[in-house]
Amino acid sequence: MWAAISAAPSPLRYATARSCSPRRAARTGNYKGTLMEPTTDRKAIIEAIQKAPMLSPNASRLLQVTSTRDHEMAEVIEIVKTDAHLTARVLKIVNSAAFGLLYEITSIERAVNYLGERMVVGLAIGDCASQLFQKPMEGYDGAQGSLWQHDLLTAIASREVAAYCTEPLNRDLAFTA
Numbered sequence: 001m002w003a004a005i006s007a008a009p010s011p012l013r014y015a016t017a018r019s020c021s022p023r024r025a026a027r028t029g030n031y032k033g034t035l036m037e038p039t040t041d042r043k044a045i046i047e048a049i050q051k052a053p054m055l056s057p058n059a060s061r062l063l064q065v066t067s068t069r070d071h072e073m074a075e076v077i078e079i080v081k082t083d084a085h086l087t088a089r090v091l092k093i094v095n096s097a098a099f100g101l102l103y104e105i106t107s108i109e110r111a112v113n114y115l116g117e118r119m120v121v122g123l124a125i126g127d128c129a130s131q132l133f134q135k136p137m138e139g140y141d142g143a144q145g146s147l148w149q150h151d152l153l154t155a156i157a158s159r160e161v162a163a164y165c166t167e168p169l170n171r172d173l174a175f176t177a
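Read in order, the letters of the sequence shown correspond to residues 1 to 177 in the UniProt record's numbering.
In short, the hints are calculated from the structure, not lab data.
Check each hint, because a few of them may be wrong.
Between beta-carbon pairs, the in silico distance windows are [to be verified]:
| hint | residue 1 | residue 2 | range |
| --- | --- | --- | --- |
| 1 | 151 | 67 | 18 to 26 Å |
| 2 | 47 | 84 | 50 to 58 Å |
| 3 | 43 | 114 | 43 to 51 Å |
| 4 | 98 | 67 | 21 to 29 Å |
| 5 | 84 | 158 | 38 to 46 Å |
| 6 | 152 | 114 | 17 to 25 Å |
Since we're looking at a predicted model, the values are computed, not measured.
Note that CB positions come from ideal geometry on N, CA and C, so glycine has one too.
Whenever a hint applies, use it, and build me the whole structure from the sequences.
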């Protein structure tokens, strides 16, 4: 049955990378096929991959180091220390009102140990992603940066709600959900 449905021509058309809705694509005549057909334009796919934002070298190194089971927290701290922007972000986050510390943490070693490696990696990746969300996006009418702010606040709220669940729930995992 699924084969019959997917093989049937659909009156709906999907948009190319430049347009944002099937209706708009149909109206302008700018479409490539039905909703069921995959995009097979190799040049467009390769171009999209090449235009995709890359992770910073330090974010890539953090991911590489933390993906192994036998890494040390000292390795994570050394990577953070080599990135002035990430160091400032880690210290700013750990000393924010969200954590409610009674004293200010000024040591990057203590800050990374307090936040944990997952949070630090999340901050490094988040900085890379925030650059993507700060650019105007076609089809999104919200204020510039508001999508990123919403995503970040939702992630923080999810992590905090996870602390009050009756069943054990990984707070870091809730942050990324």
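Status of the hints after comparison with the structure:
no. : hint                     : in the structure
1   : 151 with 67: 18 to 26 Å  : 24 Å, holds
2   : 47 with 84: 50 to 58 Å   : 33 Å, violated
3   : 43 with 114: 43 to 51 Å  : 48 Å, holds
4   : 98 with 67: 21 to 29 Å   : 27 Å, holds
5   : 84 with 158: 38 to 46 Å  : 29 Å, violated
6   : 152 with 114: 17 to 25 Å : 19 Å, holds
Hints 2 and 5 from the earlier list are contradicted by this structure; the remaining hints agree with it.
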